[in-house]
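Here is how the chains run, residue by residue.
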Amino acid sequence: MHSLSNRSKVVVKKEMTLTEKMYLPAILGGMMITIKHFFKRKPTIQYPEQKREFSKVYRGRHILKRDEQGRENCTACGLCAVACPAEAISIVAAERKKGEEHLYREEKYAKTYEINMLRCIFCGLCEEACPKDAVYLTEELAPANFDRSNFIFGKDKLVQPVGTSAHPKTYKPYKK
Amino acid sequence: MDQLVFLILSIISIGAALAVIFSKNPVYSVLFLILTFFSIAGHYVLLNAQFLFIVHIIVYAGAIMVLFLFVIMLLNLNKTNETSKSMLPKIAGAISGGLLLIVLLGAVKGLNQAEASQAVNADMGSVKNLGKILFSEYLLPFEVSSALFLSAMIGAVMLGKKNLKDH
Amino acid sequence: MEIFLIDKIVLIVAVFGITLLFALYSTYAERKVAAFIQDRLGPNRAGIFGILQPLADGVKFFLKEEFIPAHADKALFILGPSVSMTTALMTSAVIPWGNSLELFDRVISLQITDLNIGILYVFAVVSIGVYGIMIGGWASNNKFSLLGALRASSQMISYEIAMGLSIIALVMTTGTLSLGEIVQQQNGSIFGISGASWNIIYQPLGFLIFMICAFAECNRTPFDLPESENELVGGYHTEYSSMKLGFFLFAEYTNMFISSAIMSSLYFGGYNFPFMDQLGLSHNLVTILGTTFLFAKIVMFIFLFMWVRWTLPRFRYDQLMRMGWKMLIPLALINIIITGLLIVVLK
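Sequence order for the protein chains is X, L and W.
Using the working numbering, the letters of the first sequence correspond one by one to residues 1 to 176.
Using the working numbering, the letters of the second sequence correspond one by one to residues 177 to 343.
Using the working numbering, the letters of the third sequence correspond one by one to residues 344 to 690.
Here chain X stands alone, though its shape is the one from the complex (with noise of 0.2 Å):
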């Protein structure tokens, strides 16, 4: 069979000569290879102080935008919920009211909106199906946690805080 990388080698099972009988040579040919890693550059990233830069298209958790006036996009269509394909949204909409317009873009908001990380495969359908610009997955990580019940990241979790830059890419809501 023809070798793809051209790497692999024949074994032939054939008596060994008087140089490979005496194992010294191979053996220091085997030190020789540990000692040039010894000296090699370590890969290792020291995660807490040092962190790898994230792609520009890397998905982590969401945030539910706020226009420049400080209203929430959301309106509760239920297309994000629709499009997902873990289906970990749930919404519950309702109807703004009269004095709430500062809070609300549209006239139907989301009374709960509900995203479980456990089920999230951060696929980024649910930015994909947004019709009003609301939904966006940021570099943030969704942060660890020791109770199931706390990866449900409700509205308090996921609406961006008034007052930080509107673009999703350059939210970090954990440095302000």
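No lab work stands behind these hints: they were computed from the structure.
Some clues are possibly wrong.
Claimed, not checked - With a cut-off of at most 35 Å between alpha-carbon atoms, the simulated DSBU-like pairs for lysine-lysine come out as follows:
| id | chain 1 | residue 1 | chain 2 | residue 2 |
| --- | --- | --- | --- | --- |
| 1 | X | Lys132 | X | Lys111 |
| 2 | X | Lys108 | X | Lys51 |
| 3 | X | Lys9 | W | Lys669 |
| 4 | X | Lys56 | X | Lys97 |
| 5 | W | Lys486 | L | Lys266 |
| 6 | X | Lys21 | X | Lys36 |
| 7 | X | Lys21 | X | Lys51 |
| 8 | X | Lys21 | L | Lys200 |
| 9 | L | Lys200 | W | Lys669 |
| 10 | W | Lys351 | W | Lys403 |
| 11 | W | Lys669 | X | Lys21 |
| 12 | X | Lys36 | W | Lys403 |
| 13 | X | Lys14 | L | Lys304 |
| 14 | W | Lys417 | L | Lys304 |
| 15 | L | Lys337 | W | Lys486 |
| 16 | W | Lys417 | W | Lys486 |
| 17 | W | Lys403 | L | Lys304 |
| 18 | X | Lys108 | X | Lys98 |
| 19 | X | Lys42 | W | Lys417 |
| 20 | L | Lys308 | W | Lys417 |
| 21 | L | Lys200 | L | Lys266 |
| 22 | X | Lys14 | W | Lys669 |
| 23 | L | Lys304 | W | Lys407 |
| 24 | L | Lys308 | W | Lys669 |
| 25 | X | Lys51 | W | Lys403 |
| 26 | X | Lys36 | X | Lys51 |
| 27 | W | Lys417 | L | Lys266 |
| 28 | W | Lys690 | L | Lys337 |
| 29 | X | Lys13 | L | Lys337 |
| 30 | W | Lys351 | X | Lys13 |
| 31 | X | Lys14 | X | Lys51 |
| 32 | X | Lys56 | X | Lys9 |
| 33 | L | Lys308 | W | Lys486 |
| 34 | W | Lys403 | X | Lys40 |
| 35 | X | Lys132 | X | Lys56 |
| 36 | X | Lys98 | X | Lys157 |
| 37 | X | Lys56 | X | Lys40 |
| 38 | L | Lys200 | W | Lys486 |
| 39 | X | Lys36 | W | Lys407 |
| 40 | W | Lys407 | X | Lys42 |
On the provided structure of chain X, position chains L and W as indicated by the hints.
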């Protein structure tokens, strides 16, 4: 000082030797035998025979007793699989041991004590002196014993080989 | 007499402390060397570069639960690690850690005791060292431990023979059994360089055999069959926990340090270093430099131990035995014959 060390060593060696006989567990017996060897090695140092001291430890404590312990650990002797023994081997053992004791007593009685103490000097047991004596005065016994060891070694190898062929 | 005793006690305590310190930091070095060879960084959280890691490990060892299995032989279970540790530390008595210092109007030798049978003493202590493992392994009352102990004892006995034979060739060239004298003899000059006539030049094959046997005696990879973790769980120390396990592990590193010191003294000139008499320094300064050089050699050997460990896989048991009996012993005998012939011809 020497007297005190001698006393301590003697007590240890006799006590350990008795423990070899009286301990129920064969592994303990072997360990006490090792202790006995060490205290006897200590006596060699008191007699300025350092070479004998170290060879005693290397050969007896370091090699032979390791094999001994090895075998006993493998056999795993204990009370449950000990077969009831007849009186005959016990009597035979007592008689042969008693005979050995008589021979040893006779040999010790025959020693001229003054001569023994005279021969002890600081350099007597050194490797140099021992080597010189072995290769001049006692050359024949030395070579004969080495031939004996060689034949024993060849015999052991032959026995091992024969077993291999049978299987 | 009393001053002599005080000198010796100070020296013994110093050697004891240094040996333990080296053993302690060998564990750290081992982890670091392993990590670097495997393209990792190793422990680096406790202190700068993780240098406090051994202390953390020590604290952990002390705080762990002392556990003795119900069917273990209690007395022997405790005796095992103690014997291991004691014999590991005993050898340091005859190693010349340096020449002599001239302090307070008297000459202080940096060797605890110069026995005229120094090499044989080392050899005897090494041969006793196996009891710790055997007793510990048997007393655990565990099949794996017993197998580990049996492997250890048969391996040690097999490699002791080759080791002894390689030493005999060395003794033939030096003409003495005292370690102090052997090191002093290597002070001679070669090609006009003083302090460089090391025994490795006269006994290269002997050194190779001795080194391989030292690896086997220390139970280091590729000869770590007594504790081969993928066959015997933990080998002879399977049932051990807490500081008793610590003693077994510590004894291994102490053995490594001591055998590095012995290899440096026997074959690599001990405290001698090139140009030592040509620099025109005072005696004390040369001694201190020499001791530094000895420790540099020891560190080099310890590194070699670790380097080999993280390079070579473990031998199979029949390979181990074949190597000991069918390769090393005949080679050592050939080495003795060649040495004898050369001595006769050159004289």
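* Hints the structure fails to honour -> 2, 4, 7, 8, 9, 13, 14, 17, 19, 20, 23, 28, 30, 31, 32, 33 and 39
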